[in-house]
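Colleague: Taken in order, these protein sequences are the chains called A, B, C and D. Numbers 4 to 343, taken from the working numbering, label the letters of the first sequence in order. Numbers 4 to 343, taken from the working numbering, label the letters of the second sequence in order. Numbers 4 to 343, taken from the working numbering, label the letters of the third sequence in order. Numbers 4 to 343, taken from the working numbering, label the letters of the fourth sequence in order.
No lab work stands behind these hints: they were computed from the structure. By construction, the Cβ of each residue, glycine as well, lies at the ideal position given by its N, Cα and C atoms. Don't take each hint at face value.
A short, non-exhaustive set of chain B residues, derived as facing chain A with CB atoms under 10 Å [stated by the list, open to error]:
hint	residue
1	Val21
2	Glu25
3	Asn28
4	Val29
5	Leu33
6	Ile53
7	Phe133
8	Glu194
9	Met221
4 protein chains.
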Amino acid sequence: MVIVLKNEATHQQVKELVNWLEGYNVKTNLVEGVHSRIIGLIGDTVHMDIDTIEANECVEAVRRVQEPYKNANRKFHPDDTVLDIFGRKLGGDRLQVIAGPCSVESEKQIIETAIACKEAGATMLRGGAFKPRTSPYSFQGLRKEGIELLLKAKQETGLPIVTEVMSLEHLYMFSEVDVIQVGARNMQNFELLKALGRCDKPVLLKRGLSSTLEELLMSAEYIMSEGNSKVILCERGIRTFEPMTRNTLDISAIPLLKHKSHLPVVVDPSHATGISKLIEPMSLAAVAAGCDALEIEVHCDPKHALSDGAQQLTPDAFRKVMEKIKALAEFVGKPVDNAE
Amino acid sequence: MVIVLKNEATHQQVKELVNWLEGYNVKTNLVEGVHSRIIGLIGDTVHMDIDTIEANECVEAVRRVQEPYKNANRKFHPDDTVLDIFGRKLGGDRLQVIAGPCSVESEKQIIETAIACKEAGATMLRGGAFKPRTSPYSFQGLRKEGIELLLKAKQETGLPIVTEVMSLEHLYMFSEVDVIQVGARNMQNFELLKALGRCDKPVLLKRGLSSTLEELLMSAEYIMSEGNSKVILCERGIRTFEPMTRNTLDISAIPLLKHKSHLPVVVDPSHATGISKLIEPMSLAAVAAGCDALEIEVHCDPKHALSDGAQQLTPDAFRKVMEKIKALAEFVGKPVDNAE
Amino acid sequence: MVIVLKNEATHQQVKELVNWLEGYNVKTNLVEGVHSRIIGLIGDTVHMDIDTIEANECVEAVRRVQEPYKNANRKFHPDDTVLDIFGRKLGGDRLQVIAGPCSVESEKQIIETAIACKEAGATMLRGGAFKPRTSPYSFQGLRKEGIELLLKAKQETGLPIVTEVMSLEHLYMFSEVDVIQVGARNMQNFELLKALGRCDKPVLLKRGLSSTLEELLMSAEYIMSEGNSKVILCERGIRTFEPMTRNTLDISAIPLLKHKSHLPVVVDPSHATGISKLIEPMSLAAVAAGCDALEIEVHCDPKHALSDGAQQLTPDAFRKVMEKIKALAEFVGKPVDNAE
Amino acid sequence: MVIVLKNEATHQQVKELVNWLEGYNVKTNLVEGVHSRIIGLIGDTVHMDIDTIEANECVEAVRRVQEPYKNANRKFHPDDTVLDIFGRKLGGDRLQVIAGPCSVESEKQIIETAIACKEAGATMLRGGAFKPRTSPYSFQGLRKEGIELLLKAKQETGLPIVTEVMSLEHLYMFSEVDVIQVGARNMQNFELLKALGRCDKPVLLKRGLSSTLEELLMSAEYIMSEGNSKVILCERGIRTFEPMTRNTLDISAIPLLKHKSHLPVVVDPSHATGISKLIEPMSLAAVAAGCDALEIEVHCDPKHALSDGAQQLTPDAFRKVMEKIKALAEFVGKPVDNAE
């Protein structure tokens, strides 16, 4: 950490600041220049609060030099984390494709969609039982029944299931779920993150709509610091001023997250763009940029879907997209998983 | 709602679409032009999902014409909502000033700060017991003990208290709290909003870091649709590309929210800017633009604060800011409340 | 400037880097820590390119500590710059109000509007002769004739005139203009800025739609570094994800620019919001936050305006807004200028 | 175009509005609903100003239904535009790779870099002669001499050259340049665009840092409406709140621009990310998403570059990236051009 001092800071003030800083078990190094003075802090500064240091009247600015996350940091864990999800390896040399409807709507709908997804080559099944909807008047999901229907679909197809938790008091219903998803709007629901940190289940953590990559990694750190290291990072688009897409998919997040962290990286082109015809090019871009998995919305009848119709693919359209994904994944040396 | 049809849509497709739409109990009106055809929907479209309509193969785009919120909408409730908070009127002809520390840290700290705030003219006391922190290694708040200390400070000063809930399973601890705050990161924690909708307590709802004003109003609608109409809207800065301030305080949110809704509007210049010296000008700007209340961070000893030191005012600095706020509030015809 | 070294940097690499840096006439100070090493640079680093330093294979990151601007920097010029514009003082203890139509459309329109603005209390006249329009099919301005009409309006009313230049080859037409405006889209038209730096006329420089305050100050620096120190900074809204307003007016820019720089600060609520009913509250907010001038669009017949009709006030509406501005400006101790 | 009327609009007001609208040679269709009334406009609305319609006192909102651009619109020009640039076909079934240094610095530097680029497989040469720099104290380019050195490099290597114009009074120096580039900061320098519209040369138009895709297409329309239809669209990253990259490369712009327009689409991963190690993954993502060309910065000695060192590749690194690009381009059926 580097502290820039105000020009007018007195020697006495600086001395007091240094004494106070050293109380945090770090060494300090004062660098005096012509136009400015800075203090370099040496040691473990993860627990120090930048804002509190900036509150000191002789401080002009504070710059962090080290990343504030440890468990999620590749520097301390150079090898890729590879998760085993009901036999599927996520984060290794195979690409996983998580497909399924935005919402679970009925037994017929989820079973039919799951079978179609599997036939097309999907390796995991997604489906929303609890649905975070902007409007209280929109369909809110089948909740407990939705999870039960997903488990039936798993039995039918053998696909492990991924579904979203919206509140920690529902966690008990997720005991047979394979991957628990945390939605973008809950990325900084810290109480939920801590509770998930005490589970022994993979957590797919979606980047918030306006979250930085460092904040995403800090939210992963919340889960990991409680003991659960099975975290999957998910890029799903960020909010920008561009109105043509719902959000802007930040493809550069893939190589950056892989560089900064050892955790697997998933990309969700469906929510990012909100436009079904963009799913193919954005999926291919994500594979080319090195993602470990894709999460794609597929619905057996999108125009009668209860949510997000515009971005869900029909089984037919998904089959065509999957052919391209399979070929590209093979080409880049990370073929779509084929567990059987 | 207006539906723009694709050029290549066939008569048969359009007929089917119209039939399907009319199943939602709305009337349709097809307008055929040279370059484009549109369908106007007449009736209550609040329950209709734009995305699902856009999933139809003959639809190019859908534009909403009416606001998707009702309870929060001034069109249906022309008079200002005025809340009574332990004798203080929020939303009426008096300005409320909610002051206090970012976090409750100790009995001495909160009592001392509360007394100083009251002496300076604050009309309510804020203080965080549950603290949403980006890092799991930062101070997380005194939690239940923090609420108890706030209640002591209320007893000492007579100031009603405002404090944040982070998870619905903690709600039982808030029974004596005067105003329950929902933080920016929880603005779309819909399960929490619904639970608050079943309380009979004022809820101060902060705008998410990248939420639109319509989304803020939809989150208010979540609370109100469950029966609790005591919602307070809070502008606390949005995320932009500008690095000099932590966020960008959107002052235009004040007149817009007052125009669109009948709910009271609070402004938090402390979190918006993250810089204590900006609190005075931004508070004055907010009062000039017509806010109903300010929420300002004050700490008896900011440079030893456990969180957000850089943005908290000392009691002395707060006193000076309050003098200016009082004078301006008097001038604009909405004086700071003086309940005694 | 502070340079953070990569963990794996060798002593030889660091030595070479230090030698190379010292070739720029700065002193270096190497701080070695447990987890990281940093180099502090002491001296004038304004001419050093951060990107080039970051290109060095042993460098992890570079942080600037000093501002990269000098002429515009309050540290080196503590006193406020006060400009004399045809007898009006901008930047001092009087508030200036620049009013007038978006575009000059005809002699009748500009004279009628100018008289109405003056009667209401405006102190300068604005009007677009060259119009930057998103569409090539929109009205592009009367150009040279527009400037001539503005000069007639000046003769009629005594109001100094402010009008925008779009290209440096038109500069010769601006010899009798009082203030040359640079639009948001040209804030980084560096060739134009340099040409304006060689004029002896006040330049009103608008912040780009997505420019940081530091970039605005660097663009001011471009003008000033060529010899023209008569620069006026203008906040006119930045682009965010919020769709209700055209842009988001960043009121915190006012105190920040006044703090970082000695140049006068103008606020344009008309372009920032694009909504005429927001002009009053946003003007008052800007005055309360300490701006030196307002720039407001007024048109004698907005609904027949050739550009930006929705955001222009009628003379009647402007008169009412001016009454409030005058009263507030008086109250905050910076009354609207009254040169007569 | 669809006009939403205010609830309180009187019949007389609506009648006057309709009369006025029909003066623009469009037909109107009034749709009366329970909660709202709308007017649908039928005909060519490209010349109508939304803001002026919104200024009408009985109008609540105006929504455009048709795109406001024509020459750039795929609807009116279904076939891809293919440009011939000194024998290279851009926009067809070959991928072009434009490589070269950020700035032309010396004869040795540009010739050496050009040869290395060509050997690695680049098909065009880029190099900045006029440099838009944020700081007036940074290197501003060799200007006229820079163009002459580029022409020497063209002679040496046979590569057509791409270089940026910053001001229209320099245009006469570009007569032998193959592609004239317009930088992001000049995307809405409308006078420059019009002048380029009167040239008979391909123009590579970069998306502004905060420009929407529609605005980019409108700027293309400026050039095309003056007669020059040889426009190349370039995505180079947009400004977001994410600090890890300089900008966020919007890969979804590629399929969207190809869908909305017939013009070729180029992607510049170097400026978008500002980080040389991201150039490989982002280039591959862009190729997978269907771009027509890449523009990549290569410098024979990046750590002594006079600008943008951190994002320029060494010839060695570029060779490795090109091997991957060539293989992927071949795989997706759009091989890198090989004109010889």
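Colleague: Take the hints in turn and mark each one as holding or not.
Modeller: A quick look at each hint next to the structure:
Hint status for Val21/B relative to chain A: violated, with the closest Cβ pair at about 14 Å, above 10 Å. Of the supplied interface hints, the one on Glu25/B is violated, with its beta-carbon coming no nearer than about 15 Å to a beta-carbon of chain A, more than 10 Å. Given hint, Asn28/B at the interface with chain A, is violated; its Cβ is 14 Å from that chain's nearest Cβ, farther than 10 Å. Proximity of Val29/B to chain A is violated relative to the hint, the smallest CB-CB distance being about 14 Å (cut-off 10 Å).
With 10 Å as the threshold, the beta carbon of Leu33/B stays out of range of chain A, its nearest partner Cβ sitting at about 19 Å, so the hint is violated. Given hint, Ile53/B at the interface with chain A, holds; its Cβ is 8 Å from that chain's nearest Cβ, closer than 10 Å. Among the interface hints, the one on Phe133/B holds; its C-beta lies about 8 Å from the nearest C-beta in chain A, closer than the 10 Å criterion. Contact between Glu194/B and chain A, as hinted, is supported at the beta carbon level, the nearest pair being about 4 Å apart and thus within 10 Å.
For Met221/B, the suggested interface contact is upheld, since its CB lies about 5 Å from the closest CB of chain A, less than 10 Å.
Violated hints, listed in ascending order, are 1, 2, 3, 4 and 5; each of the other numbered hints is respected by the structure.
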